[in-house]
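A.B. asks: Work out the full structure: start from the sequences and follow the hints.
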Amino acid sequence: MPVTSAENTFSAYRSSRFHFLERLKSGWLVYRENLLGRIGLVLLACFACMAAGSFIPPLIDPIYHPMSGVDPLISYSTGPSLRHWLGTDFIGRDIFSQLLTGARIAFIVGVSSAFMSIVVGTIVGMVAGYAGGTTDTILMRAADVVMVMPTLLVILILAALFGQLSIWIIVLLIALFRWPAVARVIRSQTLSLKRRPFVDAARVTGASCFRIIFRHIMPNVLPLALLYMTFRVTSAILIEAALAFLGFGDPGTVSWGMMLQWVWKTGHMFQAPYWLLPPGICISLITLSFYMVGRAMDEVLDPRLRKEKALE
Amino acid sequence: MGMRKYILRRMVGVIVVFFIILTALFILFRLAPGDPVSRMVDPSLTPEDAAYLIDQLGLNQPLGIQYIYYLKNVFTGFMGISFHYGQPVTEIILDRLPNTIYLFTTSVILSALLGIFMGKIAAWHRETKIDSVMTIVALFCHTLFLPWLALIMIWFFGYRVGWFPLSGMISPEVWVTPGTSSIIKFLDVLHHMALPLLTLMIIHYGSYLLIMRSSMLDTLNEDYIITARAKGLDEKSIRDHHAAPNAALPLVTSVGLSLAFSINGGALTETVFTWPGIGRELVFAVSSNDYPLAQACFLLIAGVVLMANLVVDVMYAYLDPRIRY
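Note that the protein sequences, when read in sequence, are chains A and B.
One gets the numbering used here by counting positions in the first sequence from 1 and adding 11 to each.
One gets the numbering used here by counting positions in the second sequence from 1 and adding 612 to each.
Think of the hints as simulated: they come from the structure by calculation, not from any bench.
Since the structure is predicted, the reported quantities are computational estimates derived from the model, not experimental observations.
Note that the Cβ used here is the ideal one computed from N, Cα and C, for glycine as well.
A portion of the hints provided could be inaccurate.
[To be verified] Heads up, simulated SDA-like pairs for lysine to any residue below, C-alpha to C-alpha not over 20 Å straight-line:
#1 B/741 <-> B/829
#2 A/205 <-> A/146
#3 A/276 <-> B/768
#4 A/276 <-> B/899
#5 B/617 <-> A/152
#6 B/797 <-> B/787
#7 A/276 <-> A/258
#8 A/276 <-> B/770
#9 A/205 <-> A/221
#10 B/741 <-> A/50
#11 A/276 <-> B/777
#12 A/276 <-> B/767
#13 A/276 <-> A/102
#14 A/276 <-> B/901
[Claimed, not checked] Which chain A residues stay away from chain B? Per the calculated CB distances, all over 12 Å, these:
#15 36
#16 41
#17 57
#18 64
#19 92
#20 96
#21 123
#22 145
#23 150
#24 217
#25 263
#26 312
C.D. replies: Shown next, in the form of structure tokens:
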């Protein structure tokens, strides 16, 4: 029996809404084939363990507190020992414990600011793509303006004017300047989706624009938004680290960028490799693993790449 | 729509955006907590000097007039006196600008060339060991944390091995000795530039490689490649003369889009290597609350970014006529 167009429409609609779990499963089967993707996930799991474990050292002994835990016996930087696995910093604080806390801050900064920029980017992209016309032009021009601004330098200027920024303000600012790329991609996806039969079907049954955008288009662009979120996470972590490195981080928290700033500013970079190496390796590895996860997800979502693989 | 009309439209767009940035900065400077006057006029100046400067900058006028003064001053190049240097900020940034341009353009050009070359090779040997090693190394380099890489470079090449100077742009002793030929001076600058340049290249070549690789993979499926092969051309000439030039096109836009990213990286590199450029000056101005200098550096960088984007767009429209319509 030939498939009628109505049936086709219905199945497209159904698969977009109800078969989410099945799609997730088939996506995972493709993802699993990707070696880099697997390595990325394992590394992320390690960092998550570090973040979760960051609460433990201060409980064992207050001298291991990353910010206020000064070892009474040590008042300068020392190398690794049994007492301090990675050594101590210039006033005798434990580097290993700071490193663990840094993982927590990196996750908080990366994930929350990426999430916010994805929310803004997805909504702007869907609205611009669906509405078209003047709305589209205005939103996309705004995206272009924000896109060309070097985020780090903009935040620096704001730090100069408004004084020390707290970690949540930094997260918010990063999100505020990192949505345009997402909006662009989601917009082009929406443009192609809105010509699909299931959107027409929704429209003729009298669904409002709001409902079409959020109930019919959104489930279809979410995987793409999720993919972009992994890339936003890396850029958010890097920007926060750079800010902290330049001395504009939140003074109430320890981040990897701030640890590097301490090594650099206290002139320990030539004498203390045990202090210089770990934070840099962590920042680089966590961004690398988010990046690898993102690329593996890209392969799941982009059938063109899969076909290329199948051909060879 | 013709080329001229397209360029004109884009230019108007750039001017509008620059005005938006100017206005946003004006508002932010007056919105921030504290006294706006003390933000533009060094509090340690004598009352007469301060009064003169306030008058010049129009800070004693109502807000609307202040805005006019501000725009006039930006376009005539008078943007206040630096708190730290005690010189007009325009003089300072014009002095630093060439240094940034040397480092920045050299690094963008060299990393693009390296990325194009390696991306071409990787795509040509797709799905082999060469390809995966090149891609993984590129990914790894691309995600390194730039200031950390810079510190490692200084530690290893500057301190451990001692091949390159630790910081700065020139060795004063070379420049103050009378009779030093300009070739020696040039080599001295080059010697100082090597490490920052290498750092920027390691960070940036990866993204060019990845873009070139995927673009080259698309190109290799095109009909004209099959035609070239059917004509019996040798593989090397197909790769270098038929596929690579076409595949390199999307890189033009990617240079433009990654410009903001590269400028962040440039500022960090300049700061760590104490390269006397605009980015370092901005970071320094922000850390020392030298507001007029920070404002001028930021406006200059924003202006350069906008201009560069315009140039890239026009170049791309010229290379790919479909964009104009």
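A.B. asks: Can we confirm that no CB of chain B comes within 12 Å of the CB of residue 64 of chain A?
C.D. replies: holds (22 Å)
A.B. asks: Does residue 263 of chain A sit more than 12 Å from chain B, CB to CB?
C.D. replies: Non-interface label stands for residue 263 of chain A: nearest chain B Cβ at 19 Å, farther than 12 Å.
A.B. asks: Verify that the Cβ of residue 36 of chain A lies farther than 12 Å from every Cβ atom of chain B, and report whether the claim holds or is violated.
C.D. replies: The assertion about residue 36 of chain A holds, with a minimum of 27 Å to chain B.
A.B. asks: Starting from residue 276 of chain A, check that the Cα of residue 102 of chain A is at most 20 Å away, please.
C.D. replies: Cα-Cα ~13 Å, so holds.
A.B. asks: Does the alpha-carbon distance linking residue 205 of chain A and residue 221 of chain A stay inside the 20 Å limit?
C.D. replies: The hint holds at about 13 Å.
A.B. asks: Next pair to validate is residue 276 of chain A with residue 777 of chain B; report whether the Cα-Cα distance is within 20 Å.
C.D. replies: holds (19 Å)
A.B. asks: Can you confirm whether the C-alpha distance between residue 276 of chain A and residue 767 of chain B stays at or below 20 Å?
C.D. replies: Holds. Residue 276 of chain A to residue 767 of chain B sits at ~14 Å (cutoff 20 Å).
A.B. asks: Would you check the hint for residue 205 of chain A and residue 146 of chain A, treating anything up to 20 Å between C-alpha atoms as holding?
C.D. replies: holds (16 Å)
A.B. asks: Please check whether the beta-carbon of residue 96 of chain A is more than 12 Å away from every beta-carbon in chain B.
C.D. replies: holds (21 Å)
A.B. asks: Holds or violated: residue 276 of chain A and residue 770 of chain B, Cα atoms, limit 20 Å.
C.D. replies: Roughly 17 Å separates the two Cα atoms, so the pair holds.
A.B. asks: Are all C-beta atoms of chain B more than 12 Å from that of residue 150 of chain A?
C.D. replies: holds (15 Å)
A.B. asks: Determine whether the non-interface label on residue 145 of chain A survives the test: each CB of chain B must be over 12 Å from its CB.
C.D. replies: holds (16 Å)
No hint from the list above goes unmet by this structure.
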